[in-house]
Amino acid sequence: MKARVHVMLKNGVLDPQGEAVRHALGAMGFDGVKGVRQGKVIELDLAEGSTQADVEQMCEKLLANTVIESYSVEMS
Amino acid sequence: MRAAVIVFPGSNCDRDLAVAFERAGADVTMVWHKDSALPDGIDIVGIPGGFSYGDYLRCGAIAANSPICKSVATHAGRGGYVIGICNGFQVLTETGLLPGALLRNAGLKYICKTVGLKVETSASDYTAGYNAGDVIDIPIAHHDGNYFADADTIARLQGEDRIAFTYTDNPNGAQADIAGILSQNRRVLGLMPHPERAADTGHGGTDGTALFRALTGALSTA
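From first to last, the protein sequence lines are chains A and B.
Take the first sequence: its position 13, counting from 1, is numbered 20 in my numbering, and each next residue is one higher.
Take the second sequence: its position 205, counting from 1, is numbered 1495 in my numbering, and each next residue is one higher.
Rather than coming from a laboratory, the hints here were simulated on the basis of the structure.
Don't take each hint at face value.
With a straight-line Cα cutoff of 25 angstroms, these simulated DSS-like cross-link-like pairs (lysine-lysine) come out [said to hold, decoys possible]:
1) A/K17 with A/K41
2) A/K68 with A/K47
3) A/K68 with A/K9
4) A/K9 with A/K47
5) A/K17 with B/K1399
6) B/K1399 with A/K47
7) A/K68 with B/K1324
8) A/K17 with A/K68
9) A/K68 with B/K1360
10) A/K47 with A/K17
11) B/K1399 with A/K41
12) B/K1360 with B/K1324
Simulated DEER-style distance windows between Cβ atoms [what the hints assert, rightly or not]:
13) A/Q24 with B/A1445: 22 to 30 angstroms
14) B/R1313 with A/Q24: 44 to 52 angstroms
15) A/G25 with B/T1458: 26 to 34 angstroms
16) B/D1427 with A/L21: 21 to 29 angstroms
17) B/G1492 with A/A27: 33 to 41 angstroms
18) A/A31 with B/A1422: 38 to 46 angstroms
Idealized CB from N, CA, C, for every residue including glycine.
So here's chain A without its partners, still in its complex pose (with noise of 0.2 angstroms):
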């Protein structure tokens, strides 16, 4: 089975690598982009019975930083 986690940095969070590609995206005529917002997607292959909470505990401890990212999990 498969696991999917986006991570993203939380709103509020200063995103300057989001604001470099909104600029960039306007100076090449693509008009209208009000926000940009870069996260990391990060595919896990789990030994089957792995669970959604397995899942979150590892977001939790390691693959995102709480302080300043959130996560979410699609479980297939």
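Dock chain B against the given chain A, drawing on the hints supplied.
What follows is chain B alone, placed relative to chain A:
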């Protein structure tokens, strides 16, 4: 004073830090990240700058979960001294020994230059060799030094006099110009600038020397 300097794969300021400790009169032991215990009788642990584990995932995140870091947390929990410089500061926030986090520099660039630092408090065994309000010249060299914490945490750090150093001209977007902070018991210090790179006349400046001297002075008489 007995100092241990932790060495991670990708650490690159470990030997500089060891030399700065030795010059100040400390006995220094280098400790590999896979060791699970610190040598006996260690007074202070130094977590050096560099790019531990290639900065993969987040700067300091994987180092913070290495075997030796559990012992470092135990040492700090017993009231032991820990100094984390640059990547070492990132490791200390990732372990939770210090609050907050270090974000990408607001200007997105890696910055390597000497900056002015204001000593905010002399009330710690790290900063007792300076006067509060002194401005010292110390190099920085980082890409992720933009200190972030929520407003309550910043207010608590200010209220408890735990901000050790601030930038006189904020280079990276850090909140409240913060360059270095202390733990509640004032024995854990994390800072982005490199005092060990301003500890010899050959470095072009010696403003970092007083930090190491104050530390050995305090810990040798303890």
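So, going through the hints one by one against the coordinates:
no., hint, in the structure
1, A/K17 with A/K41, "holds (17 angstroms)"
2, A/K68 with A/K47, "holds (17 angstroms)"
3, A/K68 with A/K9, "holds (19 angstroms)"
4, A/K9 with A/K47, "holds (16 angstroms)"
5, A/K17 with B/K1399, "holds (22 angstroms)"
6, B/K1399 with A/K47, "holds (20 angstroms)"
7, A/K68 with B/K1324, "holds (19 angstroms)"
8, A/K17 with A/K68, "holds (17 angstroms)"
9, A/K68 with B/K1360, "holds (13 angstroms)"
10, A/K47 with A/K17, "holds (13 angstroms)"
11, B/K1399 with A/K41, "holds (23 angstroms)"
12, B/K1360 with B/K1324, "holds (11 angstroms)"
13, A/Q24 with B/A1445: 22 to 30 angstroms, "holds (28 angstroms)"
14, B/R1313 with A/Q24: 44 to 52 angstroms, "violated (39 angstroms)"
15, A/G25 with B/T1458: 26 to 34 angstroms, "holds (29 angstroms)"
16, B/D1427 with A/L21: 21 to 29 angstroms, "holds (28 angstroms)"
17, B/G1492 with A/A27: 33 to 41 angstroms, "holds (38 angstroms)"
18, A/A31 with B/A1422: 38 to 46 angstroms, "holds (44 angstroms)"
Checked against the numbered hints given earlier, the structure breaks only hint 14 and satisfies all the rest.
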